[in-house]
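Protein chains: 2
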Amino acid sequence: MILILLEEQQVIFHRWNNIPPSRTMSSWLDRPIKGVLLDITGVLYESGDGKGVVIPGSVKAVEKLKTSGIPVRLVTNETCATRTAVVDKLRFHGYKVSEADIFSPVPAAIAILKERGLSPHLLVHPAIEDEFKEVIKGSPSCVVVGDADEGFSFENMNKAFRTLLNMEKPLLFALGFGKYYKHQGMLQMDVGAFASALEFACDLKSEVVGKPSRQFFGAALSDIGVPAEEAVMVGDDIVSDVGGAQNCGIRGVLVRTGKFTAPWENHPVVKPDFIANNLAEAVDKIIEAQKK
Amino acid sequence: MILILLEEQQVIFHRWNNIPPSRTMSSWLDRPIKGVLLDITGVLYESGDGKGVVIPGSVKAVEKLKTSGIPVRLVTNETCATRTAVVDKLRFHGYKVSEADIFSPVPAAIAILKERGLSPHLLVHPAIEDEFKEVIKGSPSCVVVGDADEGFSFENMNKAFRTLLNMEKPLLFALGFGKYYKHQGMLQMDVGAFASALEFACDLKSEVVGKPSRQFFGAALSDIGVPAEEAVMVGDDIVSDVGGAQNCGIRGVLVRTGKFTAPWENHPVVKPDFIANNLAEAVDKIIEAQKK
Chain A
1 MILILLEEQQ
11 VIFHRWNNIP
21 PSRTMSSWLD
31 RPIKGVLLDI
41 TGVLYESGDG
51 KGVVIPGSVK
61 AVEKLKTSGI
71 PVRLVTNETC
81 ATRTAVVDKL
91 RFHGYKVSEA
101 DIFSPVPAAI
111 AILKERGLSP
121 HLLVHPAIED
131 EFKEVIKGSP
141 SCVVVGDADE
151 GFSFENMNKA
161 FRTLLNMEKP
171 LLFALGFGKY
181 YKHQGMLQMD
191 VGAFASALEF
201 ACDLKSEVVG
211 KPSRQFFGAA
221 LSDIGVPAEE
231 AVMVGDDIVS
241 DVGGAQNCGI
251 RGVLVRTGKF
261 TAPWENHPVV
271 KPDFIANNLA
281 EAVDKIIEAQ
291 KK
Chain B
1 MILILLEEQQ
11 VIFHRWNNIP
21 PSRTMSSWLD
31 RPIKGVLLDI
41 TGVLYESGDG
51 KGVVIPGSVK
61 AVEKLKTSGI
71 PVRLVTNETC
81 ATRTAVVDKL
91 RFHGYKVSEA
101 DIFSPVPAAI
111 AILKERGLSP
121 HLLVHPAIED
131 EFKEVIKGSP
141 SCVVVGDADE
151 GFSFENMNKA
161 FRTLLNMEKP
171 LLFALGFGKY
181 YKHQGMLQMD
191 VGAFASALEF
201 ACDLKSEVVG
211 KPSRQFFGAA
221 LSDIGVPAEE
231 AVMVGDDIVS
241 DVGGAQNCGI
251 RGVLVRTGKF
261 TAPWENHPVV
271 KPDFIANNLA
281 EAVDKIIEAQ
291 KK
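Residue numbers (our numbering), protein chains in the order written: chain A, 1 to 292; chain B, 1 to 292.
To be clear, the hints were calculated from the coordinates, so they are not data collected in a lab.
One thing to keep in mind: the hints can contain errors.
Any copy will do: because identical chains look the same in the list, a pair fits if it lies in one copy or spans two.
[To be verified] Straight-line distance between alpha carbons at most 27 Å, and here's what the computed DSS-like set of lysine-lysine pairs gives:
hint, residue 1, residue 2
1, Lys159, Lys51
2, Lys182, Lys169
3, Lys182, Lys271
4, Lys205, Lys271
5, Lys271, Lys96
6, Lys292, Lys137
7, Lys169, Lys271
8, Lys182, Lys205
9, Lys60, Lys285
10, Lys271, Lys34
11, Lys96, Lys51
12, Lys205, Lys137
The following block holds chain A by itself, in its conformation from the complex:
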């Protein structure tokens, strides 16, 4: 159902713009590609009831990269599930991955809180609350906002707001800063929106842990020892994935799966290095170019 809708969107788009289905915005394949970063939801699987639906060709595409000797890391802003749960879901769909392959905001945030001796007030999904247990010590010295989903109630927003206002120097960490994502076929507002509400009310700027933060992309790249200029990021979020990566000197490829929408083909700010129909097409281009 989702795929049919996406195809319809593409058809409409092509009728409007009269351009071929895939197009190269720049010579993105001229430079070597020695590492690939992949977003998970919308690139490897579509979210949905239970474990969601695998995106056709994506399992094979990840295998192809690995077989070609190109290291892959999964860079996600997923904060509704633990890394273990994400690995379980990926394995269910046939991906051969482990926790070490995944870069997600929660462990990154916990490392920051430990390093700076901060104790958080949490506005996060119940599924990940337990992971913060070790850093909760005494009264809160910061607020951590993740994708709390239904937890973004008026009451919980106000609790976070008042906690910030009571601090001498209010400190807000946002686990990602996305605008929206697709959940069970519907778009819903992401953490960036609710963090914006807190920022406005408290007159502050959040520290983003996750995409599009430079540190976050940097951590994934240093794990595979690949410099930004030799890496490619593939994602379905034009701002957080593509724009975020480009901002770090990483080439950004947008896929027409997940939450992709036709107007992004001509986004006013972010110009992807390549727009692919799906991960399979992007990976084929990458591998083909490496053979030359």
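Position chain B relative to chain A; hints supplied.
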């Protein structure tokens, strides 16, 4: 209880800053004052259970202005109650006012929707929903966000978000754009924060109906036929009341009641023309100056 807290805040502030309790930021009384605009909550009464608590001296202050022949209009961003309910509450506290004295965002918004032939999707308090009945015609062509209070659930925020995203040209009206207000002795996030979340998610800017919009202050002033430079606005919100008024050329007086907090005495952006302990003090200064 609220007043005791405010006094404590003042004491703390004065200890820190060593300045007298009231101070003139500029010669605000040099120009004639021919009309006064007053915020309601936090100036005439403190919000609280039921009808709240009248602020000592404020009833008499409003009477004094009227007796002196200075016309008064009440300019409020109240969107949790109808104008009738606000008038009832004011009369309960002893204020001699009628609906015609009150400028609130709901009638102003309805007039705009009528004029532009727009049908709203509402994210507002249930108490004011009925007032929009006459302009709801067919599928929504705009979203109106007011202080929905508990109505700011994840579900309702997403409904508004998806409605905006489905429009060819998303259009969001915000009934005021406050950061927060005091409710039953507690600060809670105001409409500006939730409108900011929608703005971020949908990449748009809202049209503000209410303070601090220039049109809104302008409508109240033209009702009393007083030019901006001969008017004064008294409020407890440094940005929306004081900054908003000053932005229109109206002198802005901040009161140390309502949601006033000590750091506002040295606000980095807005410099009130005068900071008064309460409305009574501000009105005494105004009337005294008019006699000279």
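Do the hints match the structure? See the list:
When the C-alpha separation of lysine 159 and lysine 51 is checked against a cutoff of 27 Å, the pair qualifies only between copies, where the shortest distance is 24 Å, while the shortest distance within a copy is 32 Å. In the homo-oligomer, the alpha carbons of lysine 182 and lysine 169 lie at most 27 Å apart only across protomers (21 Å), although the nearest pairing inside one protomer, at 35 Å, exceeds that limit. Only within a single protomer do lysine 182 and lysine 271 lie at most 27 Å apart by alpha-carbon distance; the minimum there is 22 Å, versus 45 Å between protomers. Proximity of lysine 205 to lysine 271 under the C-alpha cut-off of 27 Å is found in both arrangements, the shortest distances being 26 Å within a copy and 23 Å between copies.
Proximity of lysine 271 and lysine 96 under a CA criterion of 27 Å is satisfied in neither setting, with 32 Å inside one chain copy and 61 Å between copies. In this assembly of identical chains, the alpha carbons of lysine 292 and lysine 137 never lie at most 27 Å apart, being 56 Å within a copy and 61 Å across copies at closest. Taking the shortest Cα distances, lysine 169 and lysine 271 sit within 27 Å of each other only across copies (22 Å), while inside one copy they are farther apart (37 Å). Taking identical chains as interchangeable, the C-alpha atoms of lysine 182 and lysine 205 lie at most 27 Å apart whether they share a chain (26 Å) or sit on different chains (23 Å).
For a Cα distance limit of 27 Å, the shortest separation of lysine 60 from lysine 285 inside one copy, 14 Å, qualifies, whereas the shortest one across copies, 78 Å, does not. When the C-alpha separation of lysine 271 and lysine 34 is checked against a cutoff of 27 Å, the pair qualifies only within one copy, where the shortest distance is 22 Å, while the shortest distance between copies is 56 Å. With identical chains, the CA atoms of lysine 96 and lysine 51 are at most 27 Å apart within one copy only, with a shortest distance of 16 Å there and 63 Å across copies. Proximity of lysine 205 to lysine 137 under the C-alpha cut-off of 27 Å is restricted to the intra-copy arrangement: shortest distance 24 Å within a copy versus 40 Å between copies.
Hint check: violations occur at hints 5, 6; the rest are consistent with the structure.
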